[in-house]
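Q: These protein sequences, in sequence, are chains A and B. Under numbering that gives the first Met the number 0, think of the first position of the first sequence as 0, with each following residue one higher. Under numbering that gives the first Met the number 0, think of the first position of the second sequence as 0, with each following residue one higher.
No wet-lab data here; the hints were simulated from the structure. One or more of the hints may lead you astray.
No copy is singled out in the list; a pair is fine if it fits within one copy or between any two copies.
Computed cross-link-like contacts, DMTMM-like style, restricted to lysine to aspartate or glutamate with a CA-CA straight-line distance of at most 20 angstroms [what the hints assert, rightly or not]:
hint, residue 1, residue 2
1, K50, E166
2, K121, D31
3, K121, D109
4, K50, E116
5, K121, E40
6, K121, D76
7, K50, D76
8, K121, D49
9, K50, D164
10, K121, D95
11, K50, E172
12, K121, E166
13, K121, D139
Spelled out from the first residue to the last, the chains are:
Protein chains: 2
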Amino acid sequence: MVRWQPDTRARLQAAALGLFVDRGYDETTAADIAEAAGVTERTFFRHFADKREVLFDGQQFFSGAFVDGVRAAGPDDPPLAVVASALDGAAAFFPDERRAWSRSRQAIIDAHPALQERELLKLSGLAVEVAAALRDHGVDEPAATLAAQSCLTVFGVSFATWIADGENRPFAEISRDTLARLRALTG
Amino acid sequence: MVRWQPDTRARLQAAALGLFVDRGYDETTAADIAEAAGVTERTFFRHFADKREVLFDGQQFFSGAFVDGVRAAGPDDPPLAVVASALDGAAAFFPDERRAWSRSRQAIIDAHPALQERELLKLSGLAVEVAAALRDHGVDEPAATLAAQSCLTVFGVSFATWIADGENRPFAEISRDTLARLRALTG
């Protein structure tokens, strides 16, 4: 009989991150992660296709936070106001209690080109989704793609700032400041 | 005795693109490319690490075109004027006679996620180089990274426009128009 364990996935993620940091990403196997989380390897593979995907879980929630933000904008807001709303939506995905996890995850990704490629593909997919949401919101092309890419630009700089050593401002405050800097630059 | 053939590399690239389009990227081997170019497989591997790299050759010249553009900007130009100069520099890399090759290359990349990841990594590296050139030009962070990413945003939209069916304006004209649209959006 299989007992339903809602926290198995989260336990596997925590165990994986711990092993990636302590032992190294390349030196950690799916079997090691399963063992550290107290489950079988078979259970690991019911949750994740491979060890890499542990780091890229939840893409749909991540993208959804941006898209929800786009939808929350006013119907007549100019494109950059819609982007501001998308970034406020994304901030929900980066509460302060997630900062330590995000720092560790990024350090692992930065050290592995294959993970960087995977992360870039994720962000590229996100830009495509935000552009689609902007078009649904009434923004024409190429403005929708330009605004979506600018959203990702501000997100990228904001995220790097948010996980920087010693930084403790909330994500939303940083992203608003970064968007204002972009506007000052391009205006 | 080996005869020096300055055009071997270009011949291998033309042969590879032809085979990728006609036969399919997955179905083409390095040996096929060498044969089509009339050289040995060993010669192929003296020029390229694998068939994928045939599509990603010349990264240093590509990045160099942007960086030269940054350096050509006036010392007191605001960041976006430096970006405009970088895009003008990039235009030298995309003369009209290259458009057909660029269209074919992009179609192959769009059909293969692994090639998309490689392309994204290339563009990400380019953004890092442009940001470094902007800092050398006296632009502080985070403005340098915001401006470099905006440069890539404009480049991406401009390139997609340049290779679109029926488009025949030169790259520089498209990129200036796209930059003006970004400024109108964010200003």
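Q: Which earlier hints turn out false for this structure, listed by number in ascending order?
A: Hints 1, 2, 5, 6, 7, 9, 10, 11, 12, 13 not satisfied by this model.
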